[in-house]
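If you want the building blocks of each chain, they are given just below.
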Amino acid sequence: MFDGLNRRIVSMWFPRLASDRILRARVIDAPFALTFHEKNANRIYCLNARAERLGLHRGMPYADARAFCPDLISHVADIPAEQRFHHVLMRWATRYCPWVGYEGPDGLVLDITGAAHLYGGEAQMLADMRGRLARAGLSVKLGLADTRGAAWALARYGEGVAPPGGMEAAIADLPVAALRIDMQTDQALQRLGLRTIADLSNTARAPLTRRFGPSLLMRLDQALGHQPEQVSPSKSPTHYGVRLTLPDPIGLVDDVMAGTARLLDRLCHTLQSQQMGAQILHMALRRVDQETQTVELRLARPLHDPDRILPLFEKGIAAVDAGYGIDQMRLEAVQVMALPDQQLSSVQHGFQTQLDDLITRLGTRIGLDNIQRFLPADSHIPERSFIIAPAAYSQAGGVWNVVRPRPVFLFLPEPIAGRGSNPPNPFRWRRMRFSIGRATGPERIAPEWWMSDESWRSGVRDYWKVDTQEGRRLWLFYTPQSPGWFVHGEFA
Amino acid sequence: MKNNPLNIFPLKAGRVHEVCGPSAAWFTLTRAAQSRGPVFWVAEQWNSQKLNPLGIVNIVSLENMLSVVTKDQSETLAAAEDTLRSGTVPCVIMVLSAPLDLTAGRRLQIAARAGGTTGLAIIPVGAGSTAAETRWHCSPLFDPKDSTLQRWELIKNKSGTLGVWNVRWSESSHRINVVSETGE
Chain A
1 MFDGLNRRIV
11 SMWFPRLASD
21 RILRARVIDA
31 PFALTFHEKN
41 ANRIYCLNAR
51 AERLGLHRGM
61 PYADARAFCP
71 DLISHVADIP
81 AEQRFHHVLM
91 RWATRYCPWV
101 GYEGPDGLVL
111 DITGAAHLYG
121 GEAQMLADMR
131 GRLARAGLSV
141 KLGLADTRGA
151 AWALARYGEG
161 VAPPGGMEAA
171 IADLPVAALR
181 IDMQTDQALQ
191 RLGLRTIADL
201 SNTARAPLTR
211 RFGPSLLMRL
221 DQALGHQPEQ
231 VSPSKSPTHY
241 GVRLTLPDPI
251 GLVDDVMAGT
261 ARLLDRLCHT
271 LQSQQMGAQI
281 LHMALRRVDQ
291 ETQTVELRLA
301 RPLHDPDRIL
311 PLFEKGIAAV
321 DAGYGIDQMR
331 LEAVQVMALP
341 DQQLSSVQHG
351 FQTQLDDLIT
361 RLGTRIGLDN
371 IQRFLPADSH
381 IPERSFIIAP
391 AAYSQAGGVW
401 NVVRPRPVFL
411 FLPEPIAGRG
421 SNPPNPFRWR
431 RMRFSIGRAT
441 GPERIAPEWW
451 MSDESWRSGV
461 RDYWKVDTQE
471 GRRLWLFYTP
481 QSPGWFVHGE
491 FA
Chain B
1 MKNNPLNIFP
11 LKAGRVHEVC
21 GPSAAWFTLT
31 RAAQSRGPVF
41 WVAEQWNSQK
51 LNPLGIVNIV
61 SLENMLSVVT
71 KDQSETLAAA
81 EDTLRSGTVP
91 CVIMVLSAPL
101 DLTAGRRLQI
111 AARAGGTTGL
121 AIIPVGAGST
131 AAETRWHCSP
141 LFDPKDSTLQ
151 RWELIKNKSG
161 TLGVWNVRWS
171 ESSHRINVVS
181 ETGE
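Just so you know, the sequences run in chain order A and B.
Numbering of the first sequence is given in the numbering used here, commencing with residue 1 and proceeding in unit increments.
Numbering of the second sequence is given in the numbering used here, commencing with residue 1 and proceeding in unit increments.
Isolated chain B, as found in the complex (with noise of 0.2 Å):
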């Protein structure tokens, strides 16, 4: 198949990539589900989105999640730098509220592929940066059968075609299913 996301996922280790739309979250979270070893997730003291652990316990191992709770933007990168590079953790998960310019999106991405570790910022619609390895859209789909089906398009890729997919998240075997596409 060749829109198969398995292609695409894992997402390439050691870089950072982004994603917006109201799943985004739910994106990053599945795909850290995938790396074994500590989850940082970095965000911002004021936002009023709080992560509530009773909803993700069924996607990662809480015992592995660490939230990182900084003042402003340039501390979360700060953050999100310090951890990359250290390559400690297999994958950093960002919540940005501003568009990175290009020497912090470099900066980002130099670090990441300094420590071999996979960054995940979580961006506002169409606030993206020109540094990003990948850039997706996800969003919920209403399925009357299931709950879990959401819509991922791939919007930017540095390096392959872009691409959309309908998953659903498989609670038994906790992990991503891809709805087979309807012949055209």
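Excised from the complex, chain A in its bound form (with noise of 0.2 Å):
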């Protein structure tokens, strides 16, 4: 039983873990490689038990490989695939224990203390661990230690398990390359003649110190437990998704609804036991031909109200080809942002979620970035003193200062003929004829030297407001530096 003071680790290491996933999905009754791209060639990456035994190893060049052995199968290796397959295999070992954490890219450490007497003890336990990872088509290695040191030892080297306290003897033949020691280390102290764990722990520690920094023995000791190392299990962040499996396929948009419903109910359960707001959420619907139809939906503001996503639904659901029918429902929130809960007040609330349904409605059909709000900026430049925002990821507010009368409608700048610093009189703007009434002006605004913009590179540009005799009132500006004039707005 368990007495509170030694703790027992459990090391997992997969050593065809890459191959494994792939030959998991197919079975290859052949020598098979899995090949990456490194150091300029295609080098073998990983590969089955079979391949092993003609002599093919790892980071052997791919072209090698094939002149050894020249009905070897081979695929190109997937990393980030390798990963999240990791990712789930330590999500599957917080069966055994909580405390589950990586040990580099192909292996786990579970600290399984206090946790094995569930499985009526060390060796059902590991047993379990063999038979489920051998009907799942993955060879392991399992090392059973009280540290983590230890257990990684035997877990690469031979396999075993150490009784607790009887670390020392367990891993003393073994090889010092057992330590997580690294190659050059490893080589050094073969050279000097110390190849088992026992010959290193019997050698003065001053010398090794000396010679091989303090790296060395803090291994040695912390696979002898004179110091301490920690298992940190690896925190997974909440997954936000749900999904429905059907018996049979169904294709009606009120069915695929429905089903929408269940899942949304389920999903926004989560989302606000943990005060988060879906912003992107993605359905993905899978047909029984196995195709499957994804509809994105991105709110304008977080949401965890399934009454309130579910018509938003409509009309991505209303365009999916179902095929022959769909089979499996999907439902992800992609984006999550926090959202706490509030108090609900009677004014102002209902009216804004209205119009945040309804910028998600329309975002849905044209875009959520294509709905705007202007924002003040600071600027003197006509075109730059204003600043067009997504209304969905931006606030309305700042403070507008208008100190001259600025047109209604901006326009990129329209020649029109005329010279000398006043404005012309009459001239012609889009084939209409016009004589001034009044002209306002000149009001000089210089461009922004810190800014390059290739429409500012006339230089200092004297506007002038000018009401025509026909009525138009128009905002024409001059530029001194290289004379000409332009209309570039219109007043109401």
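In case anyone wonders, no lab produced these hints; they're calculated from the structure.
Beta carbons are placed, not taken as given, at the ideal position from N, Cα and C, and that holds for glycine.
You may find that some hints are simply not true.
No farther apart than 20 Å at their CA atoms in a straight line, the calculated lysine to any residue pairs in the SDA-like style are these [said to hold, decoys possible]:
| hint | chain 1 | residue 1 | chain 2 | residue 2 |
| --- | --- | --- | --- | --- |
| 1 | B | 50 | A | 389 |
| 2 | B | 145 | A | 469 |
| 3 | B | 71 | A | 364 |
| 4 | B | 71 | A | 389 |
| 5 | B | 71 | A | 411 |
Examples of chain A residues toward chain B, derived with CB under 8 Å [what the hints assert, rightly or not]:
| hint | residue |
| --- | --- |
| 6 | 361 |
| 7 | 370 |
| 8 | 411 |
Far from chain A by the CB rule (all over 10 Å, computed), these chain B residues [claimed, not checked]:
| hint | residue |
| --- | --- |
| 9 | 46 |
| 10 | 54 |
| 11 | 57 |
| 12 | 71 |
| 13 | 124 |
With the hints as a guide, bring the two chains together.
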């Protein structure tokens, strides 16, 4: 029974994780290797036992491997998928104990202190792990000891169990490489004739530290339990995804919406309990012919209210081609934001939510970025004195300072004929003839030299507000540094 | 006074009105300023006539102004119809580039009635549709004293008479003032 002092650590090592992952899905009765482009050549990244027996090894150039073994079947390694699979294994391993951490790219470390009796003892627990992983098609080596270092050594070099307190004997005969040391240190120790851990622990410590630095003895002490080493369980973020598998395929919009409602209820329950709101939702609909159709919903404000999200899905789901029917639905909140509970108020709240829903609904049609609001900016340049920001991701506010009248419309400067620094009278613009009734100006605006703006290359501008006899009120400017007249905007 | 625009103004809610002429945007914005609540400005992306927020900040509150940018006229109409039907906002302004056919015009009217929202369509001169409740032609007038004088012509009205008014914008009171007609 657990006495509260000794820890028990399991180290799991998957010697052929990458190739086992592929071979789980398709059975290949031939030498098999995964390749990876590295150091300017395609090299073998991982291989199955049969390929290993033929003399292939990791890191070998793929061309050589094919020369050795012409019937080698190969795939390109997919490292991100590898990592995802490793993560899945880590989540799976929490069935044995809550403290599970990564151990390199192809291992796990489990702190099973006080958990082994739940499986009827350590031996039964290890047997259970072996059995389940073998059924999953993964080869695994297990090591069990009081320390992480010893468990690692046992898993990689001779698979075994060290009884509580009996680590020294259990790992004494293992090679020094089992101490998680780098290859150079390993080679140097070999040259000195220190081949096993027992050799190392019987040697005087001071010369070893002088020769190899403190890390070697630290590893030895960690393995033997003289120095503590933690297992840090990797924190997996909460997964906001739910799915529904159907016994019979469905195809009607109403049915799919009913399924969506069920999924949303479950998802929103999770979101509400964590006080989070979904911002982007992905709905994957798998058809019987294994095609997957995705419906994406971007919300103007984070939400966790199923009644409000459900109607927003209608348009996307109506557009899905159900084919021969849909038999699995997966709903995932891809992007979530903190959405703390709020006090409801009777006045403003209901209206704001309606407006947000409207923005979301328009956003599903024309893109959420296309619903914009104006925000003030600190610049005298007419085109840059405001910012256009997506309404969903910005807050209205700021102070607008309008010292002089500005036109309602701005357009790209349109040249008109004219010379001199006073507005031309009469002038023609857009094939219309205007004579000036009143001209107010000039208002000189200088370009911002710290911004390079193509349209302001012509230097300072003298702006005139011109009321024409014909009625139209235009905003003209004159560029004295490269003389010319332009119409830039129109007042009401 | 027979031709008092207050009989017409505010424009009938739950309907879509059309405005054309050089001052059409100004007309719609002053109309939108009367309604408290968000204003949607729906316009196509390619339109080079860009609204300048500094020019309208004295007319409408920019906190309430949302600009919807669309790809083409069908998107404009779809967005406007959705907004009109939702009844969330009191006023929707849409900038159209081509004349509406009867179906599109009626759809907008039905959506506006369902939501109780006023729709204002800025149209090219002469591109009116039969479904519009009223149609206005707005143009600025030269005035030696002031530069807000406008001439608003009601050129189509489904439920009333036509008329012409000269109006001014009163900067201090933020409202339209009708210039009294000189005796004939």
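> Which of the numbered hints above does this structure break?
Replying inline: 10, 11 and 12
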